[in-house]
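Chains as they are written, first to last, in this note's numbering: chain A, 547 to 1050; chain B, 547 to 1050.
These are calculated hints, taken from the structure and not from any lab test.
Keep in mind that the hints are not guaranteed to be accurate.
For identical chains, the list gives no copy identity; a pair is met inside one copy or between any two copies.
Stated by the list, open to error - Listed next, the in silico DSS-like pairs over lysine-lysine satisfying Cα-Cα at most 30 angstroms (straight line):
| no. | residue 1 | residue 2 |
| --- | --- | --- |
| 1 | K998 | K778 |
| 2 | K778 | K848 |
| 3 | K559 | K980 |
| 4 | K984 | K1028 |
| 5 | K1028 | K968 |
| 6 | K850 | K976 |
| 7 | K778 | K980 |
| 8 | K559 | K848 |
| 9 | K564 | K1028 |
| 10 | K714 | K823 |
| 11 | K822 | K559 |
| 12 | K778 | K968 |
| 13 | K1028 | K889 |
| 14 | K827 | K714 |
| 15 | K976 | K714 |
| 16 | K778 | K822 |
| 17 | K564 | K822 |
| 18 | K850 | K998 |
Number of protein chains: 2
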Amino acid sequence: MFESAELGRTVSKSQFAKRSTPLREELLRLQSEYMAQARRQIILVLAGVDGGGKSESITLLNEWMDPRWLITNAYEPPNEVERRLPFFWRYWRDLPPRGRIGMFLSAWYSEPFLDRVHGRIDSRAYENHLERVMRFERALAEDGAVIVKLWMHLSHDAQERRLRNLEKDPLTEARVTERDWENWRAYDRFIEVAERTISRTHTGPAPWIIVEGADRPYRSLAVAEVVRDALKRALAPLPEHPEPEEPVKKKKGRKIKARKELAEDLTVLSSLDMDKKLDKKQYEQHLGVLQADLHHLHLRAKDKGIASVLVFEGPDSAGKGGAIRRICTALYPRNYQVYGVAKPTDEEAAQHYLWRFWRTVPRDGQIAIFDRSWYGRVLVERVEGFAGDNEWRRAYGEINDFEQQFTDHGIVLMKFWIHITKEEQLRRFKAREKTPHKRWKLTEEDWRNREKWDLYEHAVHDMVQYTSTPRARWTLVEGNDKRHARIEVLRGFCENLRQAIGDR
Amino acid sequence: MFESAELGRTVSKSQFAKRSTPLREELLRLQSEYMAQARRQIILVLAGVDGGGKSESITLLNEWMDPRWLITNAYEPPNEVERRLPFFWRYWRDLPPRGRIGMFLSAWYSEPFLDRVHGRIDSRAYENHLERVMRFERALAEDGAVIVKLWMHLSHDAQERRLRNLEKDPLTEARVTERDWENWRAYDRFIEVAERTISRTHTGPAPWIIVEGADRPYRSLAVAEVVRDALKRALAPLPEHPEPEEPVKKKKGRKIKARKELAEDLTVLSSLDMDKKLDKKQYEQHLGVLQADLHHLHLRAKDKGIASVLVFEGPDSAGKGGAIRRICTALYPRNYQVYGVAKPTDEEAAQHYLWRFWRTVPRDGQIAIFDRSWYGRVLVERVEGFAGDNEWRRAYGEINDFEQQFTDHGIVLMKFWIHITKEEQLRRFKAREKTPHKRWKLTEEDWRNREKWDLYEHAVHDMVQYTSTPRARWTLVEGNDKRHARIEVLRGFCENLRQAIGDR
């Protein structure tokens, strides 16, 4: 794989001078256009052989371009806070907003790569990691990000020469560490893992570009040209909500059944017994017992560092807020945070739609409760057409990936769909209109959403079907009777916490 | 001070029912109005005797109000990351945006308070802390924040009863810790420090309200009423750029001299020798030596965990970017970040104007470089009238406080004003117009700013005069010759780093 990067390419001083001036001008011009458009993100990964020029390349770009809109991200092994969060958390946090260029030094390739080189993880664990990397990059690329990954290469001999030269120069000697020599001694193994990594993660939307790193002028021009091309790609318009290539075909087995049900207007919601009720006395008994349970279970979960994420979805006035409050009352306020999902801020809008939710990942036994959530993508955004067809269709997979990172990390994830019938909603809307201190809760939009009841019901059906995964199942709750719904939610959360703690 | 909070006030069950319903309705109504306006921030501090009902009060507010727009902030002793940042960093980070309510459990009052109670810090250190607290709260209040601090009180006996009752109830027993009993045994000392704390930090814009905590219904109503009143205050319009009450009077000594100079159109900039020059050969010699110096000095600073903040201000085209690049070239890109200060994002605009800069505080030997900075408040915002008279006038003090937190924390802070003459600027503008790849750098605004040259010069004069403090001096750099300016900047930074490392 690396033969062509060991050819000993060089660029003479005069060639360099001749070629670099127009290139620098072009970079500056393209960068200012890219900034003004702010349509996509550019993500530049710099990885490769130690001494191959990763760091110098970033210095070069900072010198040739406007450094105020470049963001350098380098990573140490995760600190105390980072260790308590899913692997990709810090990379999501550091993504550049659209119009900026994020330069990532090895980043999500680094630790697992070296772990594999030095035999600290096995091939299977490493393949899993590469799989997660690909999904991460794909999610960003599908959102419009331009991702370019540079592999700065040196032959074994060239690396030795380079490290010795770095050590000789007082400006760079400190950069050569024992770790670099360790990696050099493991060169063959290093290259073997690199070949596997590159061949596995070299994808259309996130390609690797191998750059011969030995000759500085050659390397500088090569890197700058890569960035120039990335800028050009980033200036291309985004596809406008493209339609899927073909209408979805009927598939065998369960899917067909689902389609058939849909055709008859039956959805997963049709099977709910919406008459379920609980009288006041029973309710209060259950409530007391379950809240005490929850209280204790959560303290034990907290001791074990188990965090929870609770998602509440449901039609307007389904009683999400009431159910959430019954949970909160049982907890210490320092241990939970309720998030109402409203319009994204402009910082959030300048990122992938899941980015804002990465900001809220709970840690250390904390509980994050979402009153509406990332499922807006496949509910309101689908029904109202805010998301293009391709966007909401691929969101199921993106959301499953997103949630898997929570559950892989040991976070308890529960998703509640609190359902009410169309008639019950009407009754509640009318009651709200009559109660002065509840009237503000009812808006024009609520009435408009009601008109699209059937469309929403189909969207819910698809959502439940495609995003109920073994460790992140949907719990459908009959909500016509608020007491029943609240008890079901509390009971469900208690059961899941108990399982997570290990009280099976 | 606490006598009136030990009167044994109670509210009967029927009184509570009667009074709570309209109060809850009012809270909901006011909260939704407050959210819609998003004009101010509400900051609620809950402190007091253990068992006094801090935590229950937050639970109550979450139950009575819409919890999606309430943010609870509780703090453990600072973690690995937080310890490496100034004390107030995490409190700034957690401030609620306008339209939300931030509830802070003890927060900036907690650790130093207990340190004082248990004799771990002396009175002088504690008084210094209270002074910093007051400045922090004042800065927020002057920006329009409504700050209310609740002291939940219990008598010695009532606290003992309360802790015993909490221990008996399975829902709350876990909440009583050995630390609570320790504080109870130190009750007299606790109260003594509390009296000092409250009397010192009870200010007009950030008052303490002492609430008798023994009777739950009484306490609940009292807390809810405090929040209701805070919401009402938060709905009041902000003063529209109020004029200072009286014209600034002449003062004795140095100030008079400054005024006199101004009258004669002399400013701190007048004393600069704008003809200073460096020939190319000298420049290249100095540059090489200083960049190598900087490189090594920074590595040593990094080893010692010394972070740096560099501020660059100056007229358009003064050469700030060029000077910054000469610094960057000497550093590893992972060790610095250049920030260009543009229009605030909407998340930033929903906070105090200094909030966005708290996001960029460097840690662990990192360097943050600002191409324009928080000084915009007293430069462009003053000259263009974006900030009201009172706003920019009080900004000098706010900025000094802000910077003091950096220097107190051991961060090396340097501020460079790179100056050019009006004639030199014209020459550069014209040159830019002629160079295709530099033309984009020149905007209409640059020409407009030029017309206000004298106003800017006076603003710079005031800025340098009021914000050159012993550990955060302005360095005025003659910039007509770019080579001279770059060398001066490099030399200045090297000197400061050397001092900070201890090479005096």
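Right, here's what the structure says about each hint:
no.	hint	in the structure
1	K998 - K778	neither (42 angstroms within a copy, 38 angstroms between copies)
2	K778 - K848	neither (49 angstroms within a copy, 37 angstroms between copies)
3	K559 - K980	between (82 angstroms within a copy, 28 angstroms between copies)
4	K984 - K1028	within (17 angstroms within a copy, 66 angstroms between copies)
5	K1028 - K968	within (15 angstroms within a copy, 73 angstroms between copies)
6	K850 - K976	neither (46 angstroms within a copy, 67 angstroms between copies)
7	K778 - K980	between (58 angstroms within a copy, 25 angstroms between copies)
8	K559 - K848	neither (62 angstroms within a copy, 35 angstroms between copies)
9	K564 - K1028	between (75 angstroms within a copy, 25 angstroms between copies)
10	K714 - K823	neither (80 angstroms within a copy, 34 angstroms between copies)
11	K822 - K559	neither (82 angstroms within a copy, 33 angstroms between copies)
12	K778 - K968	neither (51 angstroms within a copy, 38 angstroms between copies)
13	K1028 - K889	within (28 angstroms within a copy, 47 angstroms between copies)
14	K827 - K714	between (82 angstroms within a copy, 25 angstroms between copies)
15	K976 - K714	neither (81 angstroms within a copy, 45 angstroms between copies)
16	K778 - K822	neither (59 angstroms within a copy, 43 angstroms between copies)
17	K564 - K822	neither (80 angstroms within a copy, 33 angstroms between copies)
18	K850 - K998	neither (44 angstroms within a copy, 62 angstroms between copies)
Hint compliance for this structure: hints 1, 2, 6, 8, 10, 11, 12, 15, 16, 17 and 18 are broken, all remaining hints hold.
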